[in-house]
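Visitor: Produce the entire structure from the sequences given, and follow the hints as far as they go.
Residue numbers (the numbering used here), protein chains in the order written: chain A, 2 to 171; chain B, 43 to 271.
No lab work stands behind these hints: they were computed from the structure. Virtual Cβ for every residue (Gly too), placed ideally from N, Cα, C. No false leads were mixed into what you were given.
In silico DMTMM-like links for lysine to aspartate or glutamate, alpha-carbon gap of 25 Å or less:
(1) B:113 - B:257
(2) B:113 - B:256
(3) B:113 - B:249
(4) B:113 - A:36
(5) B:113 - A:34
(6) B:113 - B:254
Covered stretches of chain B (chain A as the covering partner; in silico rule of three or more C-beta atoms under 8 Å from a C-beta of chain A):
(7) 81 to 89
(8) 126 to 132
(9) 135 to 143
(10) 238 to 250
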Amino acid sequence: MNSYLYAAYAATWIVHIAYLSMVSRRYARLRRESELQMSLPDEFLKLVDALLHQYEANYKSQEFFQSIGCLFEFARKRGFSGTGELVQFLQGNSAGAVSRLGLRYEVSQHVTLFEKVILERNPALRLHDDVRRSGGTVAFTDYSRDWLQDLVRTIEYHGLHWDPVSGRIL
Amino acid sequence: MKRAFPILAVLTAVLLSYALYQALEVAPTEATMGDVQRIFYYHVPSAWTAFLLFLTNFVASVVYLIRRNTKADIVALVSAEVGVVFCTVVLVTGPIWARPVWGIWWTWDLRLTLTLVLWLIYVSYLMLRRFSSSGQTPLMAAVLAVFGALDVPLVYFSIWYFRTQHPSPVIGGGGSLDPRMGRVLLINWAAFLCFAVLVCWSRYRVERLQREVEETQALEGLLESRGAR
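Guide: Written out as structure tokens, the structure reads:
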């Protein structure tokens, strides 16, 4: 067989393998970064607390539900797919406010760490037995692209300011 | 879908091995060029695959321009990148074939020059996407892709309508390829097409992951900046 032939075939696979190794190196790096991002930052948990504190006073406002939706989406991006009882609780108490927002839901069967975090930090939510009995979980799937800006804007719209240090909406 | 990927990977590996066997052992030896003609079984399928990928890039770019669809933007990027890889193979294997047959590695023949220009257009497309930090980058890239795609038919038909040093078309255009060679050529093209789909699929997943990571980094930066205020 001709050496030019082997050179051409070898060159073909060198090009392809070089490209594939570049792609797989990038994938490995991104996976590492993605796993690092999975851990919930303190600021996020503080924001959850702050929003839940607001809940009693503002649960009927559209902005509040948008904020919650954005927050859940953030949790989903970090690998926590369900929002479960909290969303059902909100749905059960909001008399259709969520549906009026045009948000869509998808049913998921997983109770996630995110739910546990929320429930552990907000035991009052456990009082609503009717929600817990209903079973299943629900997660927001439709959201504003610039959701965090929306969230902060929403807080500021109410004349408030979120302090990430104290975790309170002031 | 998770099962489909390894199945396609195995099928592609089997098909590529079979295609290599067909190219080296089954295809008849060409009378004047001898074994070096077998480069054709890698060179031509790579070129056709590159053309298809650039066509995909064109369609995805048009869809992006009309709908501003993120998936279309990712498909455009991935198809251009993998298309450049296949076009690189064409530009590498061509001169390796030309040296023993023509006696030179390269000539500024119309087909060769247009292919090099095509490669440069899509490399500049990838450079734009890689180094531009503007929010309008996908839009600018889509416009560049639409104009860049104009070179694809020029490259393809250059050997139909112009007298060039590059061999005439072997399929259509009055070519007379031995049916056994034609069969091996099509087997190799099928194998490289499967391989291209597999690579594009992997690259698509990597790009999705990259965008998620970057988005989260941006959100974290925003959170930090809000905290610092």
